Amino acid sequence: MNAPTKLSEVTLKTIEFKLDAQTIHAYKGETIFKAAKRHGVDIPHLCYKDGYRVDGNCRACVVEIKGERTLAPSCCRSATEGMEVQAQSERAVKSQKMVLEMLLSDMPDTGYKWNDAVSSGAAATGEGPGALGRERNAAPGPSPDAAGAMVGQHGELTDWVQRMGVSVRPALKALRREQPAPDFSHPAMAVNLDASFNATAASVRVGKSRSTTSLATPCADRTAKLCLICMTRWATAAAWPAANACKPALPARSCLRRKWARK
Amino acid sequence: MTKQTPHPSPEVVRLGTVEDMRKRIRSKSKLKGRQPEDAAVHEVHDLLGEGPFARDMLIEYLHRLNDHFRCLHDRHLVALAKALRIGMAEVFEVATFYHHFEVLRGDAQPSAVTVRVCDGLSCELAGAKDLLARLPAILGRPDVRVIAAPCIGRCEQAPAAVVDQNPVPFATAERVAAAVQTHACAHPSAAQDADFDAAALSEKPISPASADVQVAPAYVGLQAYVAQGGYQLATALSQGKADAENIIKAMEDSGLRGLGGAGFPAGRKWRIVRDQPAPKLMAVNIDEGEPGTFKDRTYLERDPHRFLEGMLVAAQVVGIDACYIYLRDEYHGCRAILEHEIAVLQANPPCPLPAIYLRRGAGAYICGEESAMIESIEGKRGEPRMRPPYIAQVGLFGRPTLEHNFETLYWVRDIVQKGPQWFSSFGRNGRKGLRSFSVSGRVKHPGVKLAPAGISLRELVDEYCGGMADGHSLYAYLPGGASGGILPASMADIALDFDTLQPHGCFIGSAAVIVLGDKDKARDAALNMMRFFAHESCGQCTPCRVGTDKAATLMQAAHWDHETLEDLNIVMTDASICGLGQAAPNPVRCVQKYFPQEVA
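Heads up: the sequence lines are chains F and G, in that order. Counting in my numbering, the first sequence runs from 342 upward without gaps. Counting in my numbering, the second sequence runs from 713 upward without gaps.
Check before you lean on any hint, since a few could be wrong.
In silico DSS-like pairs for lysine-lysine, Cα to Cα no more than 27 Å straight-line [said to hold, decoys possible]:
no., chain 1, residue 1, chain 2, residue 2
1, F, Lys438, G, Lys1305
2, G, Lys1305, F, Lys435
3, G, Lys916, G, Lys1144
4, G, Lys916, F, Lys390
5, G, Lys1233, G, Lys1156
Derived coverage of chain F by chain G (criterion: at least 3 residues anywhere in the stretch with Cβ under 8 Å from a Cβ of chain G; other residues may be distant) [unchecked claim]:
no., segment
6, 360–369
7, 398–410
8, 425–436
9, 442–450
For the record, the hints were derived by calculation from the structure and aren't laboratory data. In this text the structure is predicted, and so the values were computed from the model without any measurement. Cβ atoms here follow ideal geometry from the backbone N, Cα and C, with glycine treated the same way.
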């Protein structure tokens, strides 16, 4: 019948490909990104998160594949036998860093999120997430608190910016987008639209468009089913629990995800 | 969100009185989410019928609402979402993606008339900016909306404007005002008594002289087309009198390549899709949006059946079950012709027909990109897909899809009946075939010129366009619309064809040639193009969304910041998802390379 009879029928097939200088294995159909991560190579990424639909549109994870004209997003490209991938070539890193710089250039000086990696100390001092609700941290720039953690940052974006050694040049800083107004209408969450960018598909199109909630109405008027998944997953903390709000229930589906206007 | 620690000094926030809060508690019987109003539901059903409704028809439904109410009221979007049984946000995100849909909130009223003035490069050269500035005052009516529109595909009639759906060629403020005052808002209808055979016009201009331009020229109707031997090929194929393999062979031997811009060999594409598993679909791209291109419209409004026959032949050879024709919304006249002629054909089929669907774009350049067009046909935002998988394998509705530009199919009948050598016998400078150049800008006689492939710009202007316009001498030219780059007059002797311009950082694309004179600046042209890209970027990927916008701002400076622009160029070329972002840096790089004195 259909039941497997040999061990080889249940073991995952692997393929071999080249990543930078090393030769590594990937499971059949596995993305370059995941295979690289298993082998200790962490490629910059913002819109990608394990368990979520792969969008491949932040382009921070682009890699160079031999024989291809343009770079490819490693988060949604499967590795194939004999593929030659360069995640750290000069060309790949140039685009990875430029993507980070472009996104950071449109962010406000002060963000809404602490740096995940070092935030445990911050919470104890009262400077952590609880303090960042409806009001932005008053400090003009990222300010180290007593425990040395950084608050007022842009979450994963700041993390990658630091790891890749990116800074925004004055020429681009001068072109920062006009920031959309925050939406504090809902009693349980604050939506900081200025902290959003398209990378999580819940987004902004610079220029003519803006990130928006459904029908561009304030969250409180929207009366949609409130799942608050946007608070758990937004690389730069665009949606945030309002001060004194209860903890969100189990996320069902994202209400801000993919609800955006172009005009 | 790790730990919620209490704030050191918690503020007391007064949310309201107990009575207020009681009022806000939702009754259990009330449904969650924003519910449609009864009146809006009735209005939607009156227009769209009682259903069943199909998700992929969303854009068509929005068109019917938008045409009737002159805008999209948010209450109708809520009702439509309910009728379609999809999320309201899904309707909203589609409605706001397309430029021709205007979403209004609450009781806001739409304008009585919308005047769109084309601000494409050819129209800008002909004074569109001045027209845009003067029109509101001359019209003197606050209920008339005057807006700039990206290229509307009437570059040989520059400057062009459209009053609702009525195009005004060679627009002056007075002519536009006259159309508004007489409420001439519909596209005029066309007669069917034309005698037109493009093949007989080989190596000649196709468009009439400027003085004879008509908004709705007469076209060859079904009877006249059949009388000239039309549909004999399609019929012979269905009766087994013509061999599919021979037809593919003829296509390959003719050297015909995709005429939408990418230039993929047509015969090879047929073979690839033919070998895919059924059911297979065809998508025809008439979203002619590349600034400077108007060849598809020129042929379609004169000879629609030659294209339809080419489509039927391709469908039979490849084994297609359904054909989807995607027509840009700006071509209202062409839509009327196609709707009528497809109905006539279906009523009186010369051979067994596949299902044929005509889909209407809604104002988005990006939908000319093959996978974005497929998304749009499926009723979604026109965002290009990631490849692989290629659309020949996984395309429209997840099926193997044969996608062709209009003009590629237009030549099928002539190539098969006249023989592949007829097509390949044309050509200059070592190139083979015929190309329909859409020439506009500073030439005496702009229009579509059916010229041999490989012709140089200088030959094209001198032999086909009557030379440069009076008072202008050749300074620069754009060989392939917005994304094909800009070349100086000193390079006007290069052969114009696929592959010949790449070494110079340009490409021919859809052969939209825009000619600049000595009073024009290449940097202004490049800026016009970059603004166009920023306006038309779908916003999906970072390099294109942010890059085009920042570059357009940087390019306004008298002295360009070359270092920053080059970094933007690199990331756009290397890391964008589709051709829009990848080709957007071409005009910038050409100005830096060939016209450095303009931006130094």
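Verification of the hints:
Note on Lys438 (chain F) and Lys1305 (chain G): the hinted pairing holds, with a Cα-Cα distance of about 25 Å set against a maximum of 27 Å. Restraint check for Lys1305 (chain G) and Lys435 (chain F): satisfied, since their Cα atoms lie roughly 22 Å apart, inside the 27 Å limit. For the hint pairing Lys916 (chain G) with Lys1144 (chain G), the CA-to-CA distance comes to about 17 Å; that is within 27 Å, so the pair holds. A hinted pair counts as satisfied when its Cα atoms are at most 27 Å apart, and Lys916 (chain G) with Lys390 (chain F) does not qualify at roughly 58 Å.
Straight-line distance between C-alpha atoms of Lys1233 (chain G) and Lys1156 (chain G) comes to about 19 Å, which keeps the hinted pair within the 27 Å bound. Residues of the segment 360–369 of chain F lying with their CB closer than 8 Å to a CB of chain G number 0, which falls below the three-residue condition for coverage. Only when three residues or more bring their CB closer than 8 Å to a CB of chain G does the claim for the segment 398–410 of chain F stand; here the count is 5, and the claim holds. Counting residues of the segment 425–436 of chain F whose C-beta sits closer than 8 Å to any C-beta of chain G gives 3, which meets the bar of three, so the coverage hint holds.
Given a C-beta distance limit of less than 8 Å, the hint that chain G covers the segment 442–450 of chain F holds, as 4 residues qualify and 3 suffice.
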